[in-house]
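Participant: Here are the chains, one letter per residue:
Number of protein chains: 2
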Amino acid sequence: MDNKGIGIFDSGLGGLTVAKEIMEMLPDEQIFYLGDTARMPYGSKTKETIIKFSKENTAFLLKKNVKMIVVACNTASALALKELKNEFEIDIIGVIEAGARAAVEATVNRRIGVIGTRATIASGAYVDAIKKYDSRAKVFTSAAPLLVPLVEEGWLSNKETESILRHYLAGFGPKKIDTLVLGCTHYPLLKPLIKKIMPKVTVIDSAREIARTVRAMLEARDMTAKKGAGRKSEFFVTDTPAQFNKVGRFFLKKFMVEAKKVRL
Amino acid sequence: MDNKGIGIFDSGLGGLTVAKEIMEMLPDEQIFYLGDTARMPYGSKTKETIIKFSKENTAFLLKKNVKMIVVACNTASALALKELKNEFEIDIIGVIEAGARAAVEATVNRRIGVIGTRATIASGAYVDAIKKYDSRAKVFTSAAPLLVPLVEEGWLSNKETESILRHYLAGFGPKKIDTLVLGCTHYPLLKPLIKKIMPKVTVIDSAREIARTVRAMLEARDMTAKKGAGRKSEFFVTDTPAQFNKVGRFFLKKFMVEAKKVRL
Chain S
1 MDNKGIGIFD
11 SGLGGLTVAK
21 EIMEMLPDEQ
31 IFYLGDTARM
41 PYGSKTKETI
51 IKFSKENTAF
61 LLKKNVKMIV
71 VACNTASALA
81 LKELKNEFEI
91 DIIGVIEAGA
101 RAAVEATVNR
111 RIGVIGTRAT
121 IASGAYVDAI
131 KKYDSRAKVF
141 TSAAPLLVPL
151 VEEGWLSNKE
161 TESILRHYLA
171 GFGPKKIDTL
181 VLGCTHYPLL
191 KPLIKKIMPK
201 VTVIDSAREI
211 ARTVRAMLEA
221 RDMTAKKGAG
231 RKSEFFVTDT
241 PAQFNKVGRF
251 FLKKFMVEAK
261 KVRL
Chain W
1 MDNKGIGIFD
11 SGLGGLTVAK
21 EIMEMLPDEQ
31 IFYLGDTARM
41 PYGSKTKETI
51 IKFSKENTAF
61 LLKKNVKMIV
71 VACNTASALA
81 LKELKNEFEI
91 DIIGVIEAGA
101 RAAVEATVNR
111 RIGVIGTRAT
121 IASGAYVDAI
131 KKYDSRAKVF
141 TSAAPLLVPL
151 VEEGWLSNKE
161 TESILRHYLA
171 GFGPKKIDTL
181 VLGCTHYPLL
191 KPLIKKIMPK
201 VTVIDSAREI
211 ARTVRAMLEA
221 RDMTAKKGAG
231 RKSEFFVTDT
241 PAQFNKVGRF
251 FLKKFMVEAK
261 KVRL
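These protein sequence lines are chains S and W, in that order. The first sequence: position 126 = 126 (this note's numbering), numbered continuously. The second sequence: position 149 = 149 (this note's numbering), numbered continuously.
The reader is advised that the hints may include incorrect statements.
Pairs of lysine-lysine, DSS-like flavour, derived with a Cα cap of 25 Å [as the list claims (entries may be wrong)]: (1) W:82 - W:64; (2) W:138 - W:159; (3) W:246 - S:52; (4) W:67 - S:246; (5) W:175 - S:52; (6) S:47 - W:246.
Examples of chain S residues toward chain W, derived with CB under 8 Å [unchecked claim]: (7) 39; (8) 45; (9) 46; (10) 48.
By construction, these hints were calculated from the structure, which means they are not laboratory data. We put the CB at the ideal spot given by N, CA and C, even for glycine.
In isolation and in its complexed conformation, chain S is listed as follows (with noise of 0.2 Å):
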């Protein structure tokens, strides 16, 4: 058993739907979420500025003493996990290895497609953590880079909005792939568009697989939280806090609580 909280951080709001997903299957752990609203988005910038960016989140999660560090932000997993990793003694755990592994999981053809930022995939992170699951699979990718703010204006159904994801998802169709992997946590939200384009395809959501790798963990160790033990979890933002509490409530629904503002 361990007490201590759960610390997740993203570039902004999107890594809500993982923060929701921990709190649904593991109840009884408290979060520390930070979003790092101020310096938003990370997925059109350099592979150093993320892992600059990365790492003053975790160290400031690692001061609300958490047991360990998720990163929800596809793109800083993508290129910065590893640095993380050497920097602080902590268990950290990025979404793309949950995502591969569902995937894996999943495919039937072994041909899955993976759509994300343009720095996530420019990282080959999918590609790579995909074939170490299974090293015969067909890894197909696409660069997605406005989806993000066609979510983040809420144009989720919107007929341009379609039009631009038959763009980015064109590629895929001639190779005929099974499973699609959603490589950033703002693509959930045009599942339904996704699944109308491309009805065959199972669609990845890794904020549901992250959730899972987090419960596994804790539970082979012996780390979960003592049941019932009800202390309230935590959100901060750099920038300040408004926006948060308004959309914050769209992803965290019964779980919503409002955010401080803090400097890094």
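Based on the hints, put chain W in the right spot on chain S.
Facilitator: Just chain W, lined up with the frame of chain S:
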């Protein structure tokens, strides 16, 4: 005469349109440009954060011993200009006033439209500035948050861009505007599409207007640099300069100089 340089900052690379206009109009001036690429964009962030970043950018440029600061970013001009002027002794010019004055000079029917980021439009800064020059002008505004990501992706003439632009401009038709202010340094790259959608409207590009303002101020105060001084301009970014060095050429053309990375 004053051989000190001119400091220019922007949230990213859009302000290079301003730098280029100034370099063309005032070829003897030495420019120090700072693009805060690690923390861009500013347009979706809050006043408090935009003020903090703008003060840090200004403080950096002051160390270059400049005679004037140009805030090339519309969002920072709209939300932080007053605070910068309060905090720093030096002359600080924002892009909003220049664009507003040009719009008032251009309009015949006194009906002016403005597009900008969410933060710029919400600030009301263009409406206030235009009303200052002509209290009887009618000003209509439209926040156009998806245009910056579309321009940054180079989607300058795609059908999706045209459709999204038509969406943002739709409200101006019934208002019978004859002048449209491009309230963001990225938007001039969409001018061909805008002219296609609204062929009869005069489009105000604030980059050119701010260059005229800078020249007028320097000449009025006898603060121009010595002819043929020929000191090299310098460019700085907060993220690694690869993207700057790739797209900077496109913005700056013959004035292109490679950027250095700095920490603020």
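Participant: Run every hint past the structure and note whether it holds.
Facilitator: Outcome of the hint check:
1. W:82 - W:64: holds, 22 Å
2. W:138 - W:159: violated, 31 Å
3. W:246 - S:52: Distance of about 23 Å is within 25 Å: holds.
4. W:67 - S:246: Given pair residue 67 of chain W, residue 246 of chain S is violated - Cα atoms ~42 Å apart, limit 25 Å.
5. W:175 - S:52: This hinted pair is violated, its Cα atoms lying about 48 Å apart.
6. S:47 - W:246: holds, 17 Å
7. 39: Since the shortest Cβ distance to chain W is 5 Å, the answer is holds.
8. 45: Hint holds; residue 45 of chain S Cβ to chain W Cβ min 5 Å, cut 8 Å.
9. 46: Holds, about 4 Å.
10. 48: holds, 5 Å
Comparing the model with each numbered hint stated earlier shows that hints 2, 4, 5 do not hold.
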